[in-house]
Amino acid sequence: GIQVEQSPPDLILQEGANSTLRCNFSDSVNNLQWFHQNPWGQLINLFYIPSGTKQNGRLSATTVATERYSLLYISSSQTTDSGVYFCAALSRGAQKLVFGQGTRLTINP
Amino acid sequence: GAVVSQHPSWVICKSGTSVKIECRSLDFQATTMFWYRQFPKQSLMLMATSNEGSKATYEQGVEKDKFLINHASLTLSTLTVTSAHPEDSSFYICSALLAGVYNEQFFGPGTRLTVL
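Line by line, the protein sequences give chains A and B. For the first sequence, the tail end lands on 694 under the numbering used here, and the numbers increase by one without skipping. For the second sequence, the tail end lands on 769 under the numbering used here, and the numbers increase by one without skipping.
Next up, chain A with everything else stripped away, as it sits in the complex (with noise of 0.2 Å):
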């Protein structure tokens, strides 16, 4: 089945700083979808993307299908920002998510 690698596991921010987090993915998808899991355990949908370009706020995401990685852009940093963000494919005649291991974002003030 496909393969969905995050990096990077960690990432420790200062407050106003800008993030790259980057997704791979092994096969061809029909559905690209990432999230940020708060500290309650709450996931967030934050874009459904299984190519091009997207923009909400100070996040951003770009999905470029035929190379099969996305990346996740936060602009200026908050604390709130703080938690695990995943990202999830799902490949094309499957029914199942499959998810990244994550990356743990920390947003010191």
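Incorrect hints may have been included.
What the hints assert, rightly or not - Taking lysine to any residue pairs in the SDA-like style, the calculated list, with each CA pair at most 25 Å apart, reads: (1) Lys-708/B to Glu-675/B; (2) Lys-708/B to Gly-678/A; (3) Lys-694/B to Arg-607/A; (4) Lys-681/A to Ala-725/B; (5) Lys-708/B to Leu-729/B; (6) Lys-717/B to Thr-684/B; (7) Lys-681/A to Leu-721/B; (8) Lys-694/B to Gly-678/A; (9) Lys-694/B to Gln-713/B; (10) Lys-681/A to Tyr-654/A; (11) Lys-681/A to Lys-719/B; (12) Lys-681/A to Thr-710/B; (13) Lys-717/B to Arg-765/B; (14) Lys-667/B to Gly-626/A; (15) Lys-681/A to Gln-682/B; (16) Lys-694/B to Asn-630/A.
Hints were generated in silico from the structure; no laboratory data involved.
Since the structure of chain A is already known, use the hints to place chain B on it.
Positioned in the frame of chain A, the structure of chain B alone reads:
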């Protein structure tokens, strides 16, 4: 829109008892729901796929007689952990598939199960 709820948020039970967790899609109908398990500082692991009106499909290594799944309506799926043991303690998360052009999954807030 696309809100998924879970109940209870947390539960503590004695070893040997059964626990039922509910997952509801509040503002959309979900033919397909999913149940995940997450251990501390790890990623989500899919346990089973729940389809309305049919038997759940379990992932390899998940005991279907221990983790009973029922998807009796288009807005409700339940996971029952039978004869729970301390090793079943974990964070259980459900998701519901919003089918359509995008087939996007939306997740519930999770249920933290502690078995004493």
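Decide if the proposed pair is consistent with the structure: Lys-681/A and Thr-710/B, CA atoms, cutoff 25 Å inclusive. holds (11 Å)
Straight-line Cα separation of Lys-694/B and Gln-713/B no greater than 25 Å? holds (22 Å)
Taken at face value, is the distance from the CA of Asn-630/A to the CA of Lys-694/B at most 25 Å? The hint holds at about 19 Å.
Satisfaction of hint between Leu-729/B and Lys-708/B, Cα-Cα up to 25 Å: holds (14 Å)
Is the straight-line distance between the alpha-carbon of Lys-681/A and that of Gln-682/B 25 Å or less? Holds, at about 18 Å.
Is Lys-667/B within 25 Å of Gly-626/A, Cα to Cα? Holds - the C-alpha atoms of Gly-626/A and Lys-667/B are around 24 Å apart, at most 25 Å.
25 Å limit on alpha-carbon distance, applied to hinted pair Lys-681/A and Tyr-654/A: Holds, at about 19 Å.
Holds or violated: Lys-694/B to Arg-607/A, with C-alpha atoms at most 25 Å apart: This hinted pair holds, its Cα atoms lying about 19 Å apart.
Just to be careful, I want the Cα atoms of Lys-681/A and Leu-721/B compared with a cutoff of 25 Å; is the pair within it? holds (19 Å)
For a C-alpha distance cap of 25 Å, please report whether Lys-717/B and Thr-684/B respect it. holds (20 Å)
Given hint Glu-675/B paired with Lys-708/B - CA-CA distance at most 25 Å: holds (17 Å)
Going straight from one Cα to the other, do Lys-717/B and Arg-765/B come out at no more than 25 Å? With Cα atoms ~20 Å apart, Lys-717/B and Arg-765/B stay inside 25 Å; holds.
Figure legend: structure checked against the earlier numbered hints; the only hint not met is number 8.
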